[in-house]
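2 protein chains.
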Amino acid sequence: MSIKLVLGIDIGGTNTVFGLIDQEGNEYLMSSIPTNSNQPPEDLFNRLFLKFDELTKKINIDFHLVGIGIGAPNANYYKKTIEYPPNLRWGYVEVENIIKKFYTQPIALTNDANAAALGEMYYGAAKGMKNFIVITLGTGLGSGIVVDGNLVYGNDGFAGEIGHTVVFPDGRQCGCGKKGCLETYASAPGIKRTVLELLSKYNYESKFRKLSFDDFDAKMITDAALEGDEIALKAFDFTAKILGMKLADAVAHTSPEAIILFGGLANAGDLLLIPTKRYMEEYLFHVFKNKVKIIKSELNEGKSAVLGAAALIWHDILKK
Amino acid sequence: MSIKLVLGIDIGGTNTVFGLIDQEGNEYLMSSIPTNSNQPPEDLFNRLFLKFDELTKKINIDFHLVGIGIGAPNANYYKKTIEYPPNLRWGYVEVENIIKKFYTQPIALTNDANAAALGEMYYGAAKGMKNFIVITLGTGLGSGIVVDGNLVYGNDGFAGEIGHTVVFPDGRQCGCGKKGCLETYASAPGIKRTVLELLSKYNYESKFRKLSFDDFDAKMITDAALEGDEIALKAFDFTAKILGMKLADAVAHTSPEAIILFGGLANAGDLLLIPTKRYMEEYLFHVFKNKVKIIKSELNEGKSAVLGAAALIWHDILKK
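So the protein sequences, as listed, match chains A and B.
For the first sequence, the numbering used here gives the first residue as 1, with consecutive numbering after it.
For the second sequence, the numbering used here gives the first residue as 1, with consecutive numbering after it.
Everything labelled a hint here was simulated from the structure, so no lab data went into it.
Hints are not guaranteed to be accurate.
Because identical chains cannot be distinguished in the list, a pair is counted as satisfied if it fits within a single copy or across any two copies.
Within a straight-line C-alpha distance of at most 30 Å, the following computed DSS-like cross-link-like pairs (lysine-lysine) qualify [stated by the list, open to error]:
1) 234 to 179
2) 219 to 79
3) 130 to 219
4) 79 to 4
5) 130 to 296
6) 179 to 57
7) 79 to 291
8) 58 to 289
9) 291 to 207
10) 234 to 296
11) 277 to 79
12) 207 to 57
13) 277 to 303
14) 79 to 289
15) 127 to 319
16) 219 to 234
17) 277 to 289
18) 293 to 79
19) 127 to 58
20) 219 to 101
21) 179 to 241
22) 277 to 234
23) 201 to 291
24) 4 to 291
Treat the numbers as computed from the prediction; the structure is a model and nothing was measured.
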């Protein structure tokens with residue numbers, strides 16, 4: 001009997017990862033190719049499906065492809081398009097039209113954070129939950145909001161951009177063109193900027209006085225904090241305060257059971273999770289106090305978006 | 001043939017309004033009694049159902065009661081309870097258990113802003129919309145969030161408390177015990193507080209220099225602004241700026257088609273709506289710009305909560 005599998009594709013700025021996933025989240029194939037966004041998007045899908053064909057022949061499994069799920073930056077769930085993603089050079093891409101030339105199976109598309117949320121719901125820390133939020137803390141801050149067991153897409157398919165809510169109206173310049181967005185504080189580059197701000201403010205000794213902005217990363221701030229570096233510790237406290245305050249706002253909108261943190265900065269673990277929870281509680285409206293968990297993702301970082309992209313198709317099938 | 005009608009009940013701090021409503025929002029009866037929350041809640045329902053019986057005999061319509069929908073402060077949709085509302089003295093009320101003694105029909109319960117949102121969806125400005133937010137600007141700031149045609153209740157039934165998101169972490173004392181909540185700025189008392197703050201900051205001539213805080217209301221600020229009072233004009237600008245900024249945050253969460261303003265302060269009309277829209281656009285993440293309408297409620301203020309409470313039952317029936 002042939003196994004039903006979904007092709008999950010995670011399109012990133014540098015690499016595109018893809019895998020064959022069954023309904024339980026088991027991988028039957030996992031591979032990647034360079035995205036090469038200086039070439040037209042057709043080129044990526046050409047190379048991807050060629051490699052996919054090669055690999056499926058090799059694994060020699062009798063399977064039935066039930067659909068193709070894709071996670072990509074600035075992806076629109078309704079229109080099945082990718083629209084002017086900042087780290088890809090493609091502009092407006094009608095993904096469905098391209099894939100139709102290769103496959104007749106159903107296609108679903110959403111942004112990477114939404115895909116990660118579905119991945120957590122089916123295979124990760126949100127199993128069994130109907131209301132939760134996934135926050136990805138990487139180069140930016142992405143978010144996927146699940147209400148009553150479904151992703152919130154909103155009127156235009158772009159809902160869930162908590163990273164671009166306002167913290168300080170005249171705050172840090174954001175890549176999006178606005179000022180003071182949450183992701184300029186709570187993200188891997190955000191905590192680096194905080195280290196510089198704190199070095200400018202305090203006279204504490206710190207290893208970061210000897211390093212240029214381009215020479216350190218979020219992991220080094222985590223390590224320094226664990227070694228007791230005062231600036232690194234204060235940077236985590238500041239990040240947690242801002243993030244906790246804005247997560248309290250997010251709770252006031254959709255009242256989730258849990259908020260799941262994912263991605264580079266979330267790897268700091270309790271160093272970030274414990275103070276973020278404490279600050280969130282401080283800013284929560286009383287009816288929500290002591291109800292909302294903050295937990296770390298249970299998905300493998302490299303594979304979560306592929307699992308989530310595949311879950312897009314499984315979710316649509318299971319809803320019917 | 002008997003008509004199918006719903007009893008809609010809006011429990012307020014002073015009065016409780018109730019009405020018989022058909023699926024199209026037509027009223028067959030509308031009345032009110034004092035809430036008297038110094039008496040036990042059983043007393044209110046006793047008096048209400050007694051009066052309801054009397055009135056239905058008088059109107060002499062052959063109807064079939066299909067359900068009872070209730071809007072009340074701090075109402076929990078899942079548990080059918082009212083939980084420690086600030087302006088009622090009841091504490092924790094198991095509403096369903098009380099009503100069961102009188103009626104066997106289905107009961108639905110939610111807070112007044114959520115009820116108003118359903119009212120707008122079925123009978124008002126949100127007809128035909130699947131994603132929108134209703135903001136009530138009265139003594140406080142309430143909100144009802146609709147995603148994909150359903151109210152967002154969240155994990156605990158209390159979702160949609162945008163009035164208690166944080167504007168300034170060390171800002172104005174809020175009735176909820178926190179500081180700097182949106183409703184301390186954008187509400188009828190909020191704009192009054194803003195007038196005082198502006199009088200303390202500027203030297204402009206203003207009629208409000210001759211009035212104590214207790215002697216003016218939001219309507220007088222509207223009138224003064226229309227007459228060109230500099231402080232009143234600045235008060236609307238400040239209120240619109242804060243509200244616009246936080247509505248941009250709300251859009252980033254659920255990406256609504258429209259935000260509908262309702263209640264006392266919304267009666268200022270374009271004086272509030274136009275600058276709120278302008279400021280919201282300024283703070284919106286680029287993908288949402290020029291997509292989200294800000295409009296005024298189309299429901300009669302006195303009856304909207306009753307219509308919305310009745311819509312709770314109609315909505316549950318129509319979903320099945």
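Outcome of the hint check:
1. In this assembly of identical chains, residue 234 and residue 179 lie within 30 Å of each other by CA distance both inside one copy and across copies; the values are 23 Å within and 23 Å between.
2. When the C-alpha separation of residue 219 and residue 79 is checked against a cutoff of 30 Å, the pair qualifies neither within a copy, at 37 Å, nor between copies, at 45 Å.
3. Proximity of residue 130 and residue 219 under a CA criterion of 30 Å is satisfied in neither setting, with 32 Å inside one chain copy and 43 Å between copies.
4. Only within a single protomer do residue 79 and residue 4 lie at most 30 Å apart by alpha-carbon distance; the minimum there is 26 Å, versus 40 Å between protomers.
5. With identical chains, the CA atoms of residue 130 and residue 296 are at most 30 Å apart within one copy only, with a shortest distance of 17 Å there and 32 Å across copies.
6. For a Cα distance limit of 30 Å, the shortest separation of residue 179 from residue 57 qualifies neither inside one copy, at 50 Å, nor across copies, at 62 Å.
7. Within a single copy, residue 79 and residue 291 get their C-alpha atoms only as close as 36 Å, which misses the 30 Å cut-off; across copies the closest is 16 Å, which meets it.
8. Proximity of residue 58 and residue 289 under a CA criterion of 30 Å is satisfied in neither setting, with 53 Å inside one chain copy and 48 Å between copies.
9. Neither within a single protomer nor between protomers do residue 291 and residue 207 lie at most 30 Å apart by alpha-carbon distance, with minima of 39 Å and 47 Å respectively.
10. For the identical chains of this complex, residue 234 and residue 296 are intra-copy neighbours only, at 21 Å inside a copy versus 45 Å across copies, given an alpha-carbon limit of 30 Å.
11. Taking the shortest Cα distances, residue 277 and residue 79 sit within 30 Å of each other only across copies (27 Å), while inside one copy they are farther apart (37 Å).
12. When the C-alpha separation of residue 207 and residue 57 is checked against a cutoff of 30 Å, the pair qualifies neither within a copy, at 52 Å, nor between copies, at 83 Å.
13. In this homomeric assembly, residue 277 and residue 303 come within 30 Å of each other (Cα to Cα) only inside a single copy, at 27 Å, whereas the closest approach across copies is 41 Å.
14. When the C-alpha separation of residue 79 and residue 289 is checked against a cutoff of 30 Å, the pair qualifies only between copies, where the shortest distance is 18 Å, while the shortest distance within a copy is 38 Å.
15. For a Cα distance limit of 30 Å, the shortest separation of residue 127 from residue 319 qualifies both inside one copy, at 16 Å, and across copies, at 26 Å.
16. In the homo-oligomer, the alpha carbons of residue 219 and residue 234 lie at most 30 Å apart inside one protomer (15 Å), although the nearest pairing across protomers, at 47 Å, exceeds that limit.
17. Taking the shortest alpha-carbon separations for residue 277 and residue 289, only the intra-copy value of 11 Å comes in at or below 30 Å, while the best inter-copy value is 32 Å.
18. In this assembly of identical chains, residue 293 and residue 79 lie within 30 Å of each other by CA distance solely across copies; the values are 21 Å between and 34 Å within a copy.
19. In this assembly of identical chains, the alpha carbons of residue 127 and residue 58 never lie at most 30 Å apart, being 33 Å within a copy and 55 Å across copies at closest.
20. Taking the shortest alpha-carbon separations for residue 219 and residue 101, neither the intra-copy value of 43 Å nor the inter-copy value of 62 Å comes in at or below 30 Å.
21. When the C-alpha separation of residue 179 and residue 241 is checked against a cutoff of 30 Å, the pair qualifies both within a copy, at 18 Å, and between copies, at 15 Å.
22. Taking the shortest Cα distances, residue 277 and residue 234 sit within 30 Å of each other inside one copy (16 Å), while across copies they are farther apart (38 Å).
23. Neither within a single protomer nor between protomers do residue 201 and residue 291 lie at most 30 Å apart by alpha-carbon distance, with minima of 36 Å and 41 Å respectively.
24. With identical chains, the CA atoms of residue 4 and residue 291 are never at most 30 Å apart, being 38 Å at best within one copy and 40 Å at best between copies.
In this structure, the hints that do not hold are numbers 2, 3, 6, 8, 9, 12, 19, 20, 23 and 24, in rising order.
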